[in-house]
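A.B. asks: So the protein lines, in turn, are chains A and B.
Counting along the first sequence from 1, when you hit position 147 you're at 147 in our numbering, and nothing is skipped either side.
Counting along the second sequence from 1, when you hit position 4 you're at 4 in our numbering, and nothing is skipped either side.
Hints listed in this document are in silico derivations from the structure and should not be mistaken for laboratory results.
Treat the numbers as computed from the prediction; the structure is a model and nothing was measured.
Where a beta carbon is used, it is the ideal one built from N, C-alpha and C, also for glycine.
Heads up, a few of these hints could be off.
Unchecked claim - Here are some chain A residues pointing at chain B (derived, C-beta under 8 angstroms):
hint, residue
1, T116
2, M120
3, R235
There are 2 protein chains.
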Amino acid sequence: MTYSIAIHGGAGLTCPEDLGQEREELAREALAKALNAGNKILSAGGSAMDACIAAVAIMEDDPRFNAGRGSVLAADGTVRMDASVMDGATREAGAVCGISTVRYAAELARKIMKRTPHVMLYGEDALAFAKDENMILESENWFITPYRTEQLEEAKSANCIILDHEKASKGRPKGTVGAVACDQFGNVAAATSTGGLCNKRPGRVGDSAIIGAGTYADNKTCAVSATGHGELFIRSHVAGRLSDLIEMKGLDVVQAAKHIVFSELDEDVGGLIAVDSNGQITLPFNTGGMFRGWQIANEKPVVAVWRNE
Amino acid sequence: MTYSIAIHGGAGLTCPEDLGQEREELAREALAKALNAGNKILSAGGSAMDACIAAVAIMEDDPRFNAGRGSVLAADGTVRMDASVMDGATREAGAVCGISTVRYAAELARKIMKRTPHVMLYGEDALAFAKDENMILESENWFITPYRTEQLEEAKSANCIILDHEKASKGRPKGTVGAVACDQFGNVAAATSTGGLCNKRPGRVGDSAIIGAGTYADNKTCAVSATGHGELFIRSHVAGRLSDLIEMKGLDVVQAAKHIVFSELDEDVGGLIAVDSNGQITLPFNTGGMFRGWQIANEKPVVAVWRNE
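Starting from the given sequences, assemble the full structure and let the hints guide the process.
C.D. replies: In structure tokens, the structure reads:
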């Protein structure tokens, strides 16, 4: 059985000049590290879900990605994170929105899946649950980097509410982090985690918290984690739709993902990563670049950022 | 052009004996009133969205339905409502979760759709937005009825967390309210509103707040509002899946809804109402009963509760 993993660190990129060489190199290193963490679990016979959570946790800790530490700031200067996970073997799912101070939001989503009868919790009550579960908490300031503070100020002075990729925080990595994996048993899983949109209205919930929009997994079809303009992804229920395209139209995961990203979504809005239960991977995006990486069994891992890589 | 409307007031029913004659009659009256409110708008050339909001508002105000006043109580004794709307003409959507004191939650979801760049807001921040928009607020106590207080006590003493339809508040109307409509211009819309599950963990978000799970609308396919065991409906992204079945498999709205409710969902978990842009209506459910009603243009309105009506 082939096992494989794919990860993304957001698709909000325009061109190398805007990103800057140093940030690009640091992001590539972090992607390689995340990929390695996930692959190690898979190669040892671990579960797709464990691999996804491990890869996402590395990116959540890395201040260069918009998730966990280094999340973008809402209009009120706070960090409010969204995350979700889904297990393709059982179609169990967990999700959280508006969570603060929890270091690993995707892991919290998994705990909601496993330890409550519910799929999704929000805000303060989700935090109370995280505390009951003894999850790792950090101070609110621990999450906030000078880079994100500056970015919020810039967005505020341009009076741009985040949705405009060109104006808001131009060329700066934003978006989401996510992972999808297929383990040695042919089970697939997906995890997505994000700080959302810079200068968003506090209380906004994005697609990363929505099962069927930002995250979906079903062994019969695929596991998928999306990144991009969350509102559009919710309205098109992108992740569930990808699964439906495979199941109902008989497309394979590569064809179906390509169709959604290049024929259905507006241009320059984002991308997704997906894997099926044969370990087949795809990572299409329609922006200037998407932080991404993948590894198939013990083949060489690949990290990429721009279109023609 | 035929216009039509369908409504539901929840599918959490077992049998007439459990519901009681008085509650059944009062519910039937309220359904007729809601149907009339929606139909009046449609017959005057109003929009499907306006008709849905008007019909839902009547049920939100009626203490017999689990939405607005008379919402079931969370484990901490509070009312926390979820709602969402979607417009099939534009595929714009709005959603809110964990909202308190706002009298008309579905109308709030519409305001989020129309007056913010976002699809979904949660909790206190959604409330702040509602206040900015001068929406009608009521005290927390205004929402709470003796019936729901008793129901929570019963659920607590039985230590049943809500998901078990048989044990939790046996035979008592629960669930959701919702409406779907097709207007004279062939535009469809859907609205869903609920207090969620009795004795739920505070902070739980159900399918009624999730675009693609409890609510979806697309003129190309249908408008749908679901009711039932929310966690299952999220995991199967029921509303989006219905739309996909019509689009991708070429089924009509009646066939597609029947397939989901009777061949895909577990038994005794709920139902849905749906309409396509020809005004074709369907209202399948797999529980003992679903409060429901429908009216096609100036034909006689129909109200029904049990299976064989």
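A.B. asks: Compare the structure with each hint and give your call.
C.D. replies: Hint check results:
{"no.": "1", "hint": "T116", "verdict": "6 angstroms, holds"}
{"no.": "2", "hint": "M120", "verdict": "4 angstroms, holds"}
{"no.": "3", "hint": "R235", "verdict": "5 angstroms, holds"}
Against the hints set out earlier in the document, no violation occurs for any number.
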